[in-house]
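Asker: The task is simple: from the sequences and hints, build the whole structure.
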Amino acid sequence: MKQINMLLAALILISLPALSFNQSYDKSGSKFTLIFKDNIKSDLSIYIAGIEGNMVGVEMFFHEKSFSNTRMSQQFWIDKSSSKLEIKEGYFLVPEFKSPQKLTKEYFNVNSGVKIEDFLFADESSVKENSKGKVTLTVAGMDIPCEKFEKSRGKQKITYYISPMAKPIGLVKLISEGEEEQHNYVIEFNHLIKNISPKIDRKIATEMTEEGKSFLPKPK
Amino acid sequence: MKILSLIFSLSLFISLKTYAQDQLPTVDYSKTDPSQVQRGTASTGQSSEFLQQLNQMQGQSGGNGLSAADQKQLLQQLKQFKEQEKERQELLEELMAEP
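Chains as they are written, first to last, in this note's numbering: chain L, 3 to 222; chain C, -4 to 94.
To be clear, the hints were calculated from the coordinates, so they are not data collected in a lab. Any given hint might turn out to be false.
[What the hints assert, rightly or not] Part of the chain C face toward chain L, derived, beta carbon under 10 Å:
id	residue
1	Thr21
2	Val22
3	Asp23
4	Tyr24
5	Lys26
6	Ala63
7	Leu69
8	Gln71
9	Gln79
10	Glu82
11	Pro94
These figures come from a predicted structure and were not determined experimentally. No residue lacks a Cβ here, since even glycine has one placed at the ideal position from N, Cα and C.
Answerer: What follows is the structure, encoded as structure tokens:
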């Protein structure tokens, strides 16, 4: 479960540069297949949970069906008023809880590899520096023109492919490699989704409990 | 003029085709109604198989009623079928509620 949490936290950072915040994309996103090193496949959905003024909510829903039936939702609210996007609020929900819990700031970035500032605080030109050119990927039986990016920090290297066809999330494929177990996975686009009902209602969120913290990796 | 018209038609066709190809598959969750799923499960392979067995047994009895053993077997199958359908329905409703 902690591995999943770290993965989701890293994912939101990766997908941020490609996000489109247009109001028409509210409650829309993408469904992916997440494949771990041992070939365990899981469903992963990333979508816009809401747009309120200068804030946009991005929710991720993870469901591992074949092995442990693990489910987890995370929702982050990002201030899009300036060029430097900033996470203002974060929530998580597991089936063990009736209400979502509000993440404290130290839980926003718990990934030991690629860091929040690598994407979140990077301006467009520095993100472009990571571009490796345009390629066409065959994913979900379709040829999708993408831009390839690579990013490394420490012992984690991620290669990811972004396409405007996959808006609002934009992510088509991501390959993460590293020495740590949780750094090895592949994410592949399945299909777009729209008119989603977010799993997390932040209005009923409670403060983090000790039990809630037990589901999350310790912040560094 | 005819050539121009032809070129225009051709370019329109190409642009329309390109537009259609640019659309990635999309699932609209506002159109996933669990009641539709319920009706759909009635035609699954397993359900059809069960109905075929039922028809066969009715045919074997010559339409004059089933033997006690056949009735017992049929009732057991029916009970099992209903339980499986209930489980499948619960699972489908759960899955359809997820993004």
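Asker: Now tell me if each hint is right for this structure.
Answerer: Each hint, compared with the structure:
1. Thr21: Hint on Thr21/C: holds, closest Cβ of chain L at ~4 Å, below 10 Å.
2. Val22: At about 5 Å, which falls below the 10 Å cut-off, the nearest Cβ of chain L leaves the hint on Val22/C intact, so it holds.
3. Asp23: Holds, because the Cβ-Cβ distance from Asp23/C to chain L comes to roughly 5 Å (cut-off 10 Å).
4. Tyr24: Tyr24/C check passes; min Cβ-Cβ to chain L is 5 Å, inside 10 Å.
5. Lys26: holds (8 Å)
6. Ala63: violated (43 Å)
7. Leu69: violated (34 Å)
8. Gln71: Violated: closest Cβ of chain L sits about 30 Å from Gln71/C, beyond 10 Å.
9. Gln79: violated (19 Å)
10. Glu82: violated (15 Å)
11. Pro94: holds (4 Å)
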